[in-house]
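Assemble chains B, C and D onto chain A, guided by the hints.
There are 4 protein chains.
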Amino acid sequence: MQVGVIGATGYGGLELLRFLYNHSEIENIHLFSSSENGVAFSNKYAHLRKIIDQPLQQIEPEALQKLDVVFTSTPSGVSSKLIPEILTERVKVIDLSGDFRIKNAEDYEKWYKLATPPQPFLHQSVYGLSEWNAEEIKKAKLIANPGCYPTAVLLSLLPLLHDHIIDSENLIIDAKSGISGAGNKPNANNHFCETNENISIYKINKHQHIPEIEQAMSMFAFTDHPITFSTHLVPMNRGIMATSYAKVQNGVTESDLLSCLHNKYDQHPFIRIIDDASKISTSQVRGTNYCDIHVNVDERTGRATIISVIDNLVKGAAGQAIQNMNLMFGLEESCGLKQIPIWI
Amino acid sequence: MQVGVIGATGYGGLELLRFLYNHSEIENIHLFSSSENGVAFSNKYAHLRKIIDQPLQQIEPEALQKLDVVFTSTPSGVSSKLIPEILTERVKVIDLSGDFRIKNAEDYEKWYKLATPPQPFLHQSVYGLSEWNAEEIKKAKLIANPGCYPTAVLLSLLPLLHDHIIDSENLIIDAKSGISGAGNKPNANNHFCETNENISIYKINKHQHIPEIEQAMSMFAFTDHPITFSTHLVPMNRGIMATSYAKVQNGVTESDLLSCLHNKYDQHPFIRIIDDASKISTSQVRGTNYCDIHVNVDERTGRATIISVIDNLVKGAAGQAIQNMNLMFGLEESCGLKQIPIWI
Amino acid sequence: MQVGVIGATGYGGLELLRFLYNHSEIENIHLFSSSENGVAFSNKYAHLRKIIDQPLQQIEPEALQKLDVVFTSTPSGVSSKLIPEILTERVKVIDLSGDFRIKNAEDYEKWYKLATPPQPFLHQSVYGLSEWNAEEIKKAKLIANPGCYPTAVLLSLLPLLHDHIIDSENLIIDAKSGISGAGNKPNANNHFCETNENISIYKINKHQHIPEIEQAMSMFAFTDHPITFSTHLVPMNRGIMATSYAKVQNGVTESDLLSCLHNKYDQHPFIRIIDDASKISTSQVRGTNYCDIHVNVDERTGRATIISVIDNLVKGAAGQAIQNMNLMFGLEESCGLKQIPIWI
Amino acid sequence: MQVGVIGATGYGGLELLRFLYNHSEIENIHLFSSSENGVAFSNKYAHLRKIIDQPLQQIEPEALQKLDVVFTSTPSGVSSKLIPEILTERVKVIDLSGDFRIKNAEDYEKWYKLATPPQPFLHQSVYGLSEWNAEEIKKAKLIANPGCYPTAVLLSLLPLLHDHIIDSENLIIDAKSGISGAGNKPNANNHFCETNENISIYKINKHQHIPEIEQAMSMFAFTDHPITFSTHLVPMNRGIMATSYAKVQNGVTESDLLSCLHNKYDQHPFIRIIDDASKISTSQVRGTNYCDIHVNVDERTGRATIISVIDNLVKGAAGQAIQNMNLMFGLEESCGLKQIPIWI
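Protein sequence lines correspond, in order, to chains A, B, C and D.
For the first sequence, numbering that gives the first Met the number 0 gives the first residue as 0, with consecutive numbering after it.
For the second sequence, numbering that gives the first Met the number 0 gives the first residue as 0, with consecutive numbering after it.
For the third sequence, numbering that gives the first Met the number 0 gives the first residue as 0, with consecutive numbering after it.
For the fourth sequence, numbering that gives the first Met the number 0 gives the first residue as 0, with consecutive numbering after it.
The following block holds chain A by itself, in its conformation from the complex:
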């Protein structure tokens, strides 16, 4: 396979390379950049010295036509303009931006403050939540790869919502993320001295991942209540923990939640149900495509606490994108992604 990456210089793009480089079915990786073509990639990123020394190429139709799949790891607002030009008969596209995730144009414009992508492309795009939409993904030409927070939240809550084990009203989701989620552009919110030794909260009830989560809950679990969703920044590079709170339905116990999750996920290689609360933490999945889930039901309150962790750059971005590529090309779902977490 011939693979292209547009936007390889961002954190998501670099992470794509980390996995594509060892993917057994990939013959060549072509790197594209709008602004830095001609530059040897390892001049910019010395960690790639002696590994990926090739130059960045210009984004040109001819070069792209010869590829089998292109990953667009471009900012929201850019992908929607770029993809209509590169999506051809031959080329499949996996978009890591938010542009094609929201089906409702009004919602997209409200939460993203950007113009919605052209309808035909939006229409044909398939939401790439691998464990929930595999059949559609296999047939897709254009994948809207899920956001990092939605991936963590949906993988843990969808089975329980789908099976009516937890109440879809009054869902509270408190998410915590490492700093890499905010990208590599320097600003006061990622200055070391101002993020280190600090927890902050941002975009309270305003995060653009809210409509994505609600849309997927409606699509896969047929619920339609608005969620309360908070995002926090904690001083570490990688990792998301989503702690969700829901009323359980009458008589439901912790083991009902566990059964539901095991039923859904035991055959899926990347989802792990963790019994022991002391073993659910972001370092358990670091650097890999795993999503770990733990549940607790409190009899005093009749409420469940549901915790999931992912590496935001892997299962929350590049890893799931490659998982989707594998599905689209009929490969083993975990091809190129079988790695042991870099726990410490």
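A short list of chain C residues far from chain D (calculated; beta carbon distances all over 12 Å):
(1) S23
(2) K80
(3) E88
(4) N249
Short derived list, chain C residues pointing at chain B, Cβ under 8 Å:
(5) Y10
(6) A45
(7) L47
(8) R48
(9) K49
(10) S179
(11) E196
(12) N236
(13) P268
(14) I273
(15) I343
The calculated lysine to aspartate or glutamate pairs, modelled on EDC-like cross-linking and capped at a C-alpha distance of 20 Å, are:
(16) A/K43 to D/D274
(17) B/K278 to C/D52
(18) C/K246 to D/D223
(19) C/K49 to B/E331
(20) D/K202 to C/D275
(21) D/K80 to D/E108
(22) B/K49 to C/E331
(23) A/K278 to D/D52
(24) B/K43 to C/D275
I should point out that these hints are in silico values taken from the structure, not numbers from a laboratory.
As the structure is a prediction and not an experimental result, all values here were calculated from the model.
In this text, a Cβ means the ideal position worked out from N, Cα and C, and glycines have one as well.
Coordinates of chains B, C and D only, in the frame set by chain A:
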């Protein structure tokens, strides 16, 4: 004033010294230890070299009798045995452990798995939440200094509960703490490599601060619903952020919450209401006795998100203890505590 | 005393405020800014809410004339232009930039790549290494406050060089600093994800603190060999450790080094000689004006390893500046600076 | 190939698994433990759930006889007793402890304070510095895998010493390491709050890696001067930077150093010479077997500053061990080790 500290070698005890050392009304600080008496304190803690070089003293009645106030920064289960021996006509005691916080013996035994302290002492102890219990604190002989999480949670929620602005049912509290909250005894949960670059969750719905929070909500806001309470460890030394979620009463707006908080706290030196969500974070209060509070009401869900931050070792322990001492001795509430946060 | 701070929005300026705020001899602090005047300071820095709410003032001669002392915490190249305008009969100036540190114009221009300040001002400026230049400082109108690295290096090496205990040839100095030394302007070198979990080295043998160190060694210890000097960035906010290597003179032992240091420093409140190698670390001095020093002599090689630690923002900047102010105004040297390190 | 790991529960052992798991020539990994046999490995280490669920086996001769190679990742003093029992005609052993590194029994006993291993085994052991001892490694039955500091130091200095480009007298080596180098046993030196936001120095001129470095310099570069060697702990999980200082021989320039290094290493896949000083840092090699080297010559002093970085757990332990296994079994040197660094 002659002041004693029992348990000066723990993180809470060291933090007491940091503030007592510059307190204008204190003449002498006497340090006591059950196990390490005779040792020059600065031999153990070199950061005190040339500052506090005196030896640790044995815990003896005669030495304690001459003091005006003793801080007991001892583990739960130890204070309850120690305090009956040192509380005399003359000596006032401020206990930083959990032993005298829970009035109901059954609750204490259930959550702490320890025997409750002798009733007469438990009965006379006063809960030291400075901004809510000042009149009782001023008359007290024995203060049960609040826990770190309860302080952060109660200061932000009590005004809103008391004034019926938020719904006391279905309170969800998601708290995040730095590692110092777990004490200075080395174990796998505070090993650098296993806590760094990691978020974990612990004691889900089992934390001994739950009955303390519920008791204070009942005492000061007359509510009696069980809370859902989660505690997370994030990789930093100090700081607690408590993110709380509640339904607002019909028609209530964000500015109603703000008014309520300003009414309650504008005259209190250590509580600050922060308008700008991007300015509420643990580093804003680091090293000081401040508690910052921010609120957000989401019209889509009718739910409020209420955020408070403290330094767990200061307002959550040593600082509030000294604030209580000031109240007990008729001093200015902020005496010895007026410091600018060590923001970076 | 009426005190002014120009450049209060930088890390050094903020740290000045942290100490000046509790300084018993200061009546008022006036904050000046060239670009942000009129802004309430605590709107920009929420950690100052309810503490320093006054607006930033414009830098105007009339306002400055009424002050007793002005701290200029401005970038190099700015102070040299500003100070000639504010230095009057009445006003004393303490400059925290590098502009007045290098007496030799050629050296300044070579290492700073900036035009040297006007000669008369350069000539009257006094190098503010408090423990070594107190008599001159007491008489000074204009202080060139030392750089952070030079402070750590000089305090540990000067006594040993002065007394010919170590060899001034072949001095190797390997310094490590927290990220705050690089200032608060966001760039790739202080992006959290790229500095966290990382050690880097910068300005190898090119740091502008090299001529400052060599000049002071010549001035106070009468040596004149070029030094080898490396600076590393380590993932923490504050702190400098300088590890220096020198041949010891024939027959010199570890206890000779210790005696020399004790002789020089035992009467100085902020310099501490640490016997136990396991107790010399940057956290031992965090947030305070202390400089801790440890020495080791290796008989196998006849070489000494000399370690010193400071808080780069305190003894390496704001703290030493206030110590110099105290000396200039005949106050107790440690006035406003007696604090216990915030060890954890 | 059938591979065994003894001591899989330590950081080095876990890292071996991370690479062996994806090694194309390995059929089975057998995990042994003296104390925890029978326990499912992923019960202890949840990051291995769904990956390595097999139980730990008892260390028994029969089980070990059937293996092709055994990695002993056991403490110093344990390997020396264990290896004589497992080294048979069939089984090759790669020892990650320090036991077989020091050929001189007296030196071992002096620096390690332990009894030296039996002479015949010590005699047949081969020092596993892959890039310098490949021919011996290929023929070896027992490998003494190098220490983490020696690997970083020797790879950068040996070419320059061997070719007489730098002076072997007066070598100063200032090394900095992440906390994982100290192992996973909790103690005050790896407690999060006491290592975070802190640099410390330890074992000044007393580190047991000193005789290992000196022995290898003698063996490969024929020099015999004692070195000055300091080790610092910096607050991060992984990574070593060694900054070394040496006089250059008369007339030698920076480009002479570069030529020497390129000549030696251009054909070696894991050694990279980095031109740009701003690109030499520990994160550039994180999680991988690379060693990056940068050099600087200061004309003012005639001294070279030589910097090298490795991941202490990979090139400094598990990665080099696997590289050595590849050499011993005639495989491609980089088999199983071709990974892109996890830069952020």
